[in-house]
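There are 2 protein chains.
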Amino acid sequence: MDYLSVNNFLKEDMEKVKKELYSNLDSDVELVNEVAGYVLDSGGKRLRPMAIILSAGLSGYKGERSAKLGCIVEYIHTATLLHDDIIDGAMVRRGNTSANVKYGSDITVLCGDFLYSKAFINLVKDGNPEIQMILAKAANTMSEGEVFQLVKTADYNLNMEDYIKIIFSKTAVLFSSCCEIGAVLGGNNTTVKKKLKEFGKLVGLAFQMNDDILDFLGDQNITGKSTGTDFKEGKMTLPMIMLRENASKEENKIFKELITDSNFTLDKLEYIIVLMQKYDIKTKALNYVFEYVNKAKSILNSINIQHNFDNSNYKKYLEYIAEYSVTREK
Amino acid sequence: MDYLSVNNFLKEDMEKVKKELYSNLDSDVELVNEVAGYVLDSGGKRLRPMAIILSAGLSGYKGERSAKLGCIVEYIHTATLLHDDIIDGAMVRRGNTSANVKYGSDITVLCGDFLYSKAFINLVKDGNPEIQMILAKAANTMSEGEVFQLVKTADYNLNMEDYIKIIFSKTAVLFSSCCEIGAVLGGNNTTVKKKLKEFGKLVGLAFQMNDDILDFLGDQNITGKSTGTDFKEGKMTLPMIMLRENASKEENKIFKELITDSNFTLDKLEYIIVLMQKYDIKTKALNYVFEYVNKAKSILNSINIQHNFDNSNYKKYLEYIAEYSVTREK
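From first to last, the protein sequence lines stand for chains U and E.
Using this note's numbering, read the first sequence as starting at 1 and increasing by one per residue.
Using this note's numbering, read the second sequence as starting at 1 and increasing by one per residue.
Quick caveat, the hints were computed from the structure, so don't treat them as lab data.
Computed from a predicted structure; not experimentally measured.
A couple of the hints might just be wrong.
As the list claims (entries may be wrong) - Simulated coverage check for chain U against chain E, where a stretch passes if three residues somewhere in it have a Cβ under 8 Å from a Cβ of chain E:
#, region
1, 127 to 134
2, 147 to 158
Stated by the list, open to error - Listing some non-contacts, in silico: residues in chain E with all C-beta distances to chain U over 10 Å:
#, residue
3, Leu-4
4, Ser-5
5, Lys-19
6, Asp-106
7, Leu-150
8, Asn-159
9, Gly-187
10, Lys-194
11, Asp-280
12, Ile-305
As the list claims (entries may be wrong) - Below, a list of computed lysine-lysine pairs in the BS3-like style, where the Cα atoms sit at most 25 Å apart:
#, chain 1, residue 1, chain 2, residue 2
13, U, Lys-297, U, Lys-282
14, E, Lys-297, U, Lys-68
15, U, Lys-19, E, Lys-137
16, E, Lys-137, U, Lys-16
17, E, Lys-68, U, Lys-125
18, U, Lys-137, E, Lys-68
19, U, Lys-137, E, Lys-137
20, U, Lys-137, E, Lys-18
A virtual CB, placed ideally from N, CA and C, is assigned to each residue, including glycine.
Build the full structure now, drawing on both the sequences and the hints.
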């Protein structure tokens, strides 16, 4: 199975999501539509809308609301990307010039706000308080988590618990919300909602962990991103924590100095990558991520819902997305 | 009547608003509470919560929701201030170091998002779709309007219609929403809602116009703000439009050059202020604002709602706020 086959299975639904994404860009201030369109066009995988549609399908829901809610979460996700670009001072996003470089950080912050408010308008239209609360709380957790990550910048001693807290806020909470929303759409009981929510959380965590591994140890020709941006920005991530736990006392002394010194050079990055290769951090870290993915899959497989239509494909593709979170190379 | 007497009349309600404002700052990321608290502490007049409480009172509603909704709009307002400070690169806000200088623009943008999402959470808790939609649309208009203002930067030819559009988005839409929400709380008919909404819009426009007048022609010792920041940021405002319409062809030629040249000097500002004094722009502009205030007052006075309690004070103080929007000197 590959990404294309999921895309194929969801083709009709994803067309609806795409239509929603653009039909809402109806501001009479043309620049707003242009900037929002620029970011939405820039080749995201739209995994979050997929997660809603697949979870909804598994839960027995087939209707128009999953595409509309898919658009809403994609707006929220895009708004956070726009604001993150300002925070990180990113030059490039998904291989294109970032919005803040192309349009300026002032326009970028406002277009983020525009997308947040569009998401909110559409949530009010959708009219389900349970889903509204899931996404309001997710947005809240995301903003808190980003601040927490900034507080922990260049913190060599960052422990695993705080790392998980950061990546939960950054990626997993929204992904988890998508899967939970699918269950809500299907009108499922609390147990199914909890299971899909937990499934999404584990997949989201795995997805971000793999992202953090690829940042150091991915193939730049495949990822299309420059290597070591997390190190450059002083973010302690999974491969760094694992390196700290594996390296010798002497190596750790140097490693600590490199983390706490805010002057980035390619030499320093090179030193860290060589150390990571020495201790085979990539394999160790990926094995760690696989534990999350396997747990996610076992939760998914414990969900048994019977419908008047065959929903086995939805489960199969959710399982694929779980696997994709760790096997993807970009 | 003065500002203190409104404050006195609303003392109990405003205490409830204050309590709400702080009880929601419960993030386990302490810095988030600190930054949000810093901005909320910085001496805003809290006119928006007042507008809700007074409009609700006039409309016959006396209950806990007006303070909760007052907190929500103050959060939305504060979030826009935080994001505006990044856009304007403001050093000072309400006489204090601005949040983006004190905490950095990364933390500031995220704390804005935090307050937006808290507002959203509380709106979902409040559970009224009509009010949710009013505020979702207001937030949307605000972000669009700010982009429109940026598009129109240094536009010497800005016409009155576009100026009104900008200040509507910037200030009037949220103020108008507050007054409309009051009417919704009172369970009033469409006519009353429309009237209070229009009243709030006119007062909001007057408020922002006066702000723009004070920016050039206010007493710096009273306003506590430095003079000419709008000119510095290339914003065409009411006194500048009026100057353009009154100055000679020769003066306008120089004026146009000063507007379009982005290099700010005190000399240039001085030239403009002297011209404004020559043509008595302050009086002319204030007369123009009074037209809005008088129209607002006449709409207010056309509202007749009878309750089982005397609501005349609510109307009296709403009228006072309308007057205050133009008479205030800071």
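We went through each hint and held it up to the structure:
no.	hint	verdict
1	127 to 134	holds (count 4)
2	147 to 158	holds (count 4)
3	Leu-4	holds, 35 Å
4	Ser-5	holds, 36 Å
5	Lys-19	holds, 20 Å
6	Asp-106	violated, 4 Å
7	Leu-150	violated, 6 Å
8	Asn-159	holds, 16 Å
9	Gly-187	holds, 20 Å
10	Lys-194	holds, 20 Å
11	Asp-280	holds, 35 Å
12	Ile-305	holds, 27 Å
13	U:Lys-297 - U:Lys-282	holds, 22 Å
14	E:Lys-297 - U:Lys-68	violated, 43 Å
15	U:Lys-19 - E:Lys-137	holds, 21 Å
16	E:Lys-137 - U:Lys-16	holds, 24 Å
17	E:Lys-68 - U:Lys-125	holds, 22 Å
18	U:Lys-137 - E:Lys-68	holds, 18 Å
19	U:Lys-137 - E:Lys-137	holds, 20 Å
20	U:Lys-137 - E:Lys-18	holds, 22 Å
The structure does not agree with the numbered hints 6, 7, 14 stated previously, though it agrees with the rest.
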